[in-house]
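Protein chains in written order, with the UniProt record's numbering: chain A, 1 to 611; chain B, 1 to 304.
Worth flagging that the hints you see were computed from the coordinates, not collected in a lab. Errors might be hidden in some of the hints.
[To be verified] Listed next, the in silico SDA-like pairs over lysine to any residue satisfying Cα-Cα at most 20 angstroms (straight line):
hint, chain 1, residue 1, chain 2, residue 2
1, A, Lys87, B, Leu304
2, B, Lys255, B, Lys294
3, A, Lys148, B, Gly246
4, A, Lys83, B, Asp297
5, B, Lys294, A, Val74
6, B, Lys255, A, Ile313
7, B, Lys255, A, Asp77
8, A, Lys83, B, Lys278
9, A, Lys87, B, Ala300
10, A, Lys148, A, Arg338
11, A, Lys83, B, Met252
12, A, Lys87, B, Gly303
[Unchecked claim] Distance windows between CB atoms, simulated:
hint, chain 1, residue 1, chain 2, residue 2, range
13, B, Asp185, A, Thr519, 46 to 54 angstroms
14, B, Asp185, A, Gln152, 25 to 33 angstroms
15, A, Asp100, B, Gly179, 35 to 43 angstroms
Because the structure is a prediction, the values reported are computed rather than measured. Each residue gets a CB set at the ideal place from its N, CA and C atoms; glycine is no exception.
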Amino acid sequence: MRLQPRQQLLELWEAAARTSYRDGVWTWGGRDGSNSISDAEQLLCFMYPASELPGFRLDTPNETGDDVLAALTVLGDSVEIPKLLLKVIGQYLRTYTAEDGRPIFSGGSYFRTQEDDAKVTPEQLQLDVVDSFSMSVTLALGTLGFLKVFRQSVRRQSIRTEIRELEDLAGKRLSAAMAGLLRSFTVNAFDPASPAGRALLRTVNQTGAPTRRVLDDLRRELRPVRAGLRDLTIGSGSQADLDNENLLFECGWTWGIVKDAPAVATPLDIGPQPEGVAADTPFLYFTVNALVGIADLFSPRTRVLSLLNDDQITLAEAIQRRWDLTQLYWRTIATYGRGTWPLEDIPWRTVDEKESDYYSLGVTAMVVQSLVNNRSADVDLDRVGAVLEELAIRARIIRRAVPGDPPVLMHSPGVPVNLHGSDMLGPHLLWMVSDFAITLLKRTIWAASIAQNTRMRERLLTLADQIWRHILQRRHTAGPAAGLWDQPGNVFTDIPVRDEEPSWYFSERVAEFLVAAATASGEPPLRSPQLVELAYQMLGEAEHLLDQEMVTRPLVAGQTIQPKLRTIQSALQRARTIISDRPATAQALINDALLDLERLAAARDSASEAI
Amino acid sequence: MLVFAISDKGGTGRSVTGTNIAYRHALQGNDVCYLDFDFGSPTAGAIFSVGSVARGTRESGLHEYLRGDCPQPRRVDVWAESDREGLRTRPPGAGRLVLLPGSEGGGELSALSEEVVGRCVQLFGRLEEEFDLCMVDVSAGRSFTAELVLAATVRMPAVPFRWLVFHRWTRQHIIAADGLVTGTDGLFDVGTRFGHDPEVLRDRIRFVRTAVLEPDAAELVGLRDEQRAWLSACDSELRELAGRHGVGRTTMLGKVPLDPVLQWREQLITDEDVLASKIANVETAAAFDDLAKKIVDDNAWEGL
Numbered sequence: 001m002r003l004q005p006r007q008q009l010l011e012l013w014e015a016a017a018r019t020s021y022r023d024g025v026w027t028w029g030g031r032d033g034s035n036s037i038s039d040a041e042q043l044l045c046f047m048y049p050a051s052e053l054p055g056f057r058l059d060t061p062n063e064t065g066d067d068v069l070a071a072l073t074v075l076g077d078s079v080e081i082p083k084l085l086l087k088v089i090g091q092y093l094r095t096y097t098a099e100d101g102r103p104i105f106s107g108g109s110y111f112r113t114q115e116d117d118a119k120v121t122p123e124q125l126q127l128d129v130v131d132s133f134s135m136s137v138t139l140a141l142g143t144l145g146f147l148k149v150f151r152q153s154v155r156r157q158s159i160r161t162e163i164r165e166l167e168d169l170a171g172k173r174l175s176a177a178m179a180g181l182l183r184s185f186t187v188n189a190f191d192p193a194s195p196a197g198r199a200l201l202r203t204v205n206q207t208g209a210p211t212r213r214v215l216d217d218l219r220r221e222l223r224p225v226r227a228g229l230r231d232l233t234i235g236s237g238s239q240a241d242l243d244n245e246n247l248l249f250e251c252g253w254t255w256g257i258v259k260d261a262p263a264v265a266t267p268l269d270i271g272p273q274p275e276g277v278a279a280d281t282p283f284l285y286f287t288v289n290a291l292v293g294i295a296d297l298f299s300p301r302t303r304v305l306s307l308l309n310d311d312q313i314t315l316a317e318a319i320q321r322r323w324d325l326t327q328l329y330w331r332t333i334a335t336y337g338r339g340t341w342p343l344e345d346i347p348w349r350t351v352d353e354k355e356s357d358y359y360s361l362g363v364t365a366m367v368v369q370s371l372v373n374n375r376s377a378d379v380d381l382d383r384v385g386a387v388l389e390e391l392a393i394r395a396r397i398i399r400r401a402v403p404g405d406p407p408v409l410m411h412s413p414g415v416p417v418n419l420h421g422s423d424m425l426g427p428h429l430l431w432m433v434s435d436f437a438i439t440l441l442k443r444t445i446w447a448a449s450i451a452q453n454t455r456m457r458e459r460l461l462t463l464a465d466q467i468w469r470h471i472l473q474r475r476h477t478a479g480p481a482a483g484l485w486d487q488p489g490n491v492f493t494d495i496p497v498r499d500e501e502p503s504w505y506f507s508e509r510v511a512e513f514l515v516a517a518a519t520a521s522g523e524p525p526l527r528s529p530q531l532v533e534l535a536y537q538m539l540g541e542a543e544h545l546l547d548q549e550m551v552t553r554p555l556v557a558g559q560t561i562q563p564k565l566r567t568i569q570s571a572l573q574r575a576r577t578i579i580s581d582r583p584a585t586a587q588a589l590i591n592d593a594l595l596d597l598e599r600l601a602a603a604r605d606s607a608s609e610a611i
Numbered sequence: 001m002l003v004f005a006i007s008d009k010g011g012t013g014r015s016v017t018g019t020n021i022a023y024r025h026a027l028q029g030n031d032v033c034y035l036d037f038d039f040g041s042p043t044a045g046a047i048f049s050v051g052s053v054a055r056g057t058r059e060s061g062l063h064e065y066l067r068g069d070c071p072q073p074r075r076v077d078v079w080a081e082s083d084r085e086g087l088r089t090r091p092p093g094a095g096r097l098v099l100l101p102g103s104e105g106g107g108e109l110s111a112l113s114e115e116v117v118g119r120c121v122q123l124f125g126r127l128e129e130e131f132d133l134c135m136v137d138v139s140a141g142r143s144f145t146a147e148l149v150l151a152a153t154v155r156m157p158a159v160p161f162r163w164l165v166f167h168r169w170t171r172q173h174i175i176a177a178d179g180l181v182t183g184t185d186g187l188f189d190v191g192t193r194f195g196h197d198p199e200v201l202r203d204r205i206r207f208v209r210t211a212v213l214e215p216d217a218a219e220l221v222g223l224r225d226e227q228r229a230w231l232s233a234c235d236s237e238l239r240e241l242a243g244r245h246g247v248g249r250t251t252m253l254g255k256v257p258l259d260p261v262l263q264w265r266e267q268l269i270t271d272e273d274v275l276a277s278k279i280a281n282v283e284t285a286a287a288f289d290d291l292a293k294k295i296v297d298d299n300a301w302e303g304l
């Protein structure tokens with residue numbers, strides 16, 4: 001396998017450090033300028049691996065690895081690096097706090113307009129975006145964990161004061177991001193006879209069953225989700241008419257704070273809660289994005305380091321319920337029915353009757369996440385694996401593109417998402433989404449990490465390897481962004497190769513993927529019960545033969561056979577120790593021992609052949 | 001600036017590292033003097049290759065001066081009196097390099113009297129005015145000499161001083177180095193007793209690792225893979241241990257790699273040794289050079 005997560009992560013760090021820290025000054029903003037999301041992504045390129053992987057920790061200067069320091073040498077030595085991180089995290093947290101103390105989650109320079117000549121108004125630039133909530137949750141948790149551990153190595157009063165201030169700021173940003181996530185959740189209920197209802201029914205009905213039956217069945221399947229959604233209290237999404245059993249619905253996150261969303265009542269200090277304008281319907285892209293960030297809220301690390309206070313835990317629980325329900329909803333829809341899954345019917349069709357491979361990817365992403373959480377059976381995984389493969393082919397990731405191939409547009413400039421509701425404050429805004437390849441890769445490696453059967457895992461890893469090769473080619477090779485992403489022109493001839501600043505949007509996602517890959521390779525190897533059983537049987541034979549050898553051999557002083565037997569003995573002992581974790585390795589040891597024993601026996605046999 | 005070199009145990013390479021740092025600091029254009037306070041075995045002369053004071057001086061050594069037997073201790077100009085060809089001419093741009101040898105057959109200090117401390121203060125005061133750096137080789141472990149300089153420095157609040165604690169990169173040395181600084185009758189303990197502010201004192205103590213065998217060093221090329229795997233596991237264990245004992249990277253000023261030349265003979269490593277005869281490693285000279293710079297660089301002493 002060509003994927004070497006540690007090596008690649010170090011290369012990414014080296015490039016990111018070189019690009020971010022020029023002539024002793026930290027430079028914010030990449031290709032799309034500086035905004036609350038891009039800057040968080042830039043910081044996360046460092047903070048995410050540092051907080052998720054033990055080998056990449058920067059919070060304990062005494063134990064930082066030498067290769068890690070070598071990669072980050074631009075930023076300074078093991079003492080200067082955490083100090084610099086403190087400084088830039090402080091810059092970030094203070095820049096994105098308004099004068100009234102409200103943390104800012106604006107999309108800023110990431111907003112595009114539908115018409116080329118239209119200009120984004122200043123009010124629009126200030127609009128909060130779910131992407132920013134999600135990134136901020138991850139960044140704030142990473143920061144809090146970093147500060148908590150780093151504090152133990154610090155004695156200097158000035159640094160300690162700064163750490164305390166940053167803890168307050170990061171905690172506040174985390175609370176505000178959670179409140180934002182609660183106010184951008186949405187449930188969209190509609191009549192089965194409406195266009196949306198008909199579209200949903202068409203999607204789920206893959207077998208051509210009578211609509212009446214499908215509708216009844218779907219209602220029954222979705223009953224737990226409906227019941228859960230009806231019980232939601234704080235935040236948005238609780239106003240939808242779910243008591244009317246006749247209506248169908250979908251749930252998830254819209255692109256920003258929902259129009260007229262009620263304020264979240266919390267004792268936490270999060271400043272004034274801004275008004276929202278976003279349309280009250282779920283967007284697949286933002287739903288997937290929210291789910292990724294939210295997962296960090298209840299990760300083992302968050303719990304172990306107890307990064308949340310009691311009031312934050314209340315918010316986190318409210319979010320977690322939405323997380324569970326959303327996953328359950330989309331998994332139910334995507335894998336509905338006994339025949340072909342709706343998910344397998346690529347491209348996915350949304351209820352507003354739009355079709356794109358990108359939507360299929362979004363739904364697949366949620367299904368994989370749900371499979372990971374439920375440790376699902378390989379049967380389901382097998383079908384999801386086929387969908388992932390198909391998407392990789394259709395998106396021209398593991399197939400070459402011909403000139404003018406439409407899927408290429410999905411990678412650059414990306415899939416435009418209409419931010420409905422943004423036109424209240426100016427021209428209609430767009431959100432460009434160009435993370436298809438890396439999102440697909442991340443889900444593939446996730447799926448591989450839960451595969452229980454060797455053939456299945458092998459297939460998914462091969463796919464991951466192919467996608468990784470594609471992504472690696474899209475790395476900038478020259479210019480200010482050398483070593484970072486994204487240069488699709490290297491792969492697709494339709495797109496000109498441009499020499500420009502890095503896309504932190506893409507690079508951060510690559511870092512996230514590499515962390516996932518490194519975590520997966522740290523787990524013990526797959527082992528089948530048959531292999532363990534066989535190893536035990538071999539061990540039995542070897543030990544028996546060894547015992548025989550010990551009995552038959554007369555012990556003579558100065559005989560050289562004894563050390564040989566001792567070697568065999570210790571090899572077998574070692575084999576017994578590791579047999580349940582690494583049965584194949586144990587077998588190799590046993591094989592060696594058996595061979596040695598056989599040579600002794602054969603020698604004896606030849607001696608007794610004499611007449 | 002006064003710099004005191006101390007080590008947790010004997011045989012650490014304190015003297016040879018200290019002299020090399022002094023030598024490099026002089027090469028960098030500063031006036032440097034080296035005081036051999038290792039009264040039990042004053043061998044700094046041998047390292048500087050000054051034959052006449054190889055094992056201390058017969059008259060006017062530091063010992064006699066502190067006892068009050070002579071008005072001024074003897075000074076040896078290394079650039080003029082060294083027996084080594086490479087040291088005999090002062091390189092262009094280099095500062096003075098003066099050795100104050102101990103007395104031959106002097107023996108360790110046996111007690112600390114008011115007069116001795118007074119003479120020590122006078123000596124430090126005079127040298128501090130005259131030189132940019134005074135490197136004082138205090139002997140290994142807890143000693144009256146260490147107490148003497150702690151007592152002297154507390155009376156000279158205007159004179160900046162720093163401590164270098166040399167230790168080797170092994171389990172026992174790490175624990176011992178920590179003990180020497182924070183243990184009973186360690187530097188903090190004694191220093192506080194004499195009136196030093198422990199917090200200030202802590203900021204003025206840094207560790208230097210000597211004879212370090214890096215897992216990726218050239219010397220290890222001949223090792224078997226198993227040995228290398230074991231070594232690298234040991235190294236990370238030591239790192240963790242050092243962090244726990246406050247001897248970790250945050251309190252380390254630098255490290256000196258293991259060098260064959262220093263293993264076999266205690267001597268100054270000159271640029272000729274590295275570039276012309278190539279008997280010494282480039283990394284070793286670079287490490288001394290780096291330490292000689294960091295010793296006066298406030299950023300390197302700032303810490304966390």
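Going through the hints against the structure:
1. Restraint check for A:Lys87 and B:Leu304: satisfied, since their Cα atoms lie roughly 14 angstroms apart, inside the 20 angstroms limit.
2. Of the pairs offered as hints, the one joining B:Lys255 and B:Lys294 holds, with about 12 angstroms between alpha carbons and a cut-off of 20 angstroms not exceeded.
3. Between A:Lys148 and B:Gly246, the direct Cα distance comes to roughly 19 angstroms. Compliance with the 20 angstroms bound is thereby established for this hinted pair.
4. The suggested pairing of A:Lys83 with B:Asp297 holds, with an alpha-carbon distance near 18 angstroms, which does not exceed 20 angstroms.
5. Between the alpha carbons of B:Lys294 and A:Val74 the distance comes to roughly 19 angstroms, so the proposed pair stays at or under 20 angstroms and holds.
6. Our distance criterion of 20 angstroms between C-alpha atoms is broken by B:Lys255 and A:Ile313, whose separation comes to about 47 angstroms.
7. Of the supplied pair hints, the one linking B:Lys255 and A:Asp77 holds, its CA atoms being roughly 14 angstroms apart against a limit of 20 angstroms.
8. Between A:Lys83 and B:Lys278, the direct Cα distance comes to roughly 39 angstroms. Violation of the 20 angstroms bound is thereby established for this hinted pair.
9. Of the pairs offered as hints, the one joining A:Lys87 and B:Ala300 holds, with about 19 angstroms between alpha carbons and a cut-off of 20 angstroms not exceeded.
10. A threshold of 20 angstroms between alpha carbons decides the hint, and for A:Lys148 with A:Arg338 the separation of about 50 angstroms lies outside it, so the pair is violated.
11. For the given pair, A:Lys83 sits about 17 angstroms from B:Met252 by alpha-carbon distance, which is consistent with the 20 angstroms threshold.
12. A C-alpha spacing of about 16 angstroms is found between A:Lys87 and B:Gly303, which places the hinted pair at or below 20 angstroms, so the restraint holds.
13. Checked against the hint of 46 to 54 angstroms, the C-beta distance between B:Asp185 and A:Thr519 comes to roughly 48 angstroms, which is consistent with it.
14. A hinted range of 25 to 33 angstroms holds for the C-beta pair B:Asp185 and A:Gln152, which are about 28 angstroms apart.
15. Between A:Asp100 and B:Gly179 the beta carbons are some 55 angstroms apart, a value that contradicts the proposed interval 35 to 43 angstroms.
Of the numbered hints given earlier, the model fails hints 6, 8, 10, 15; all others are met.
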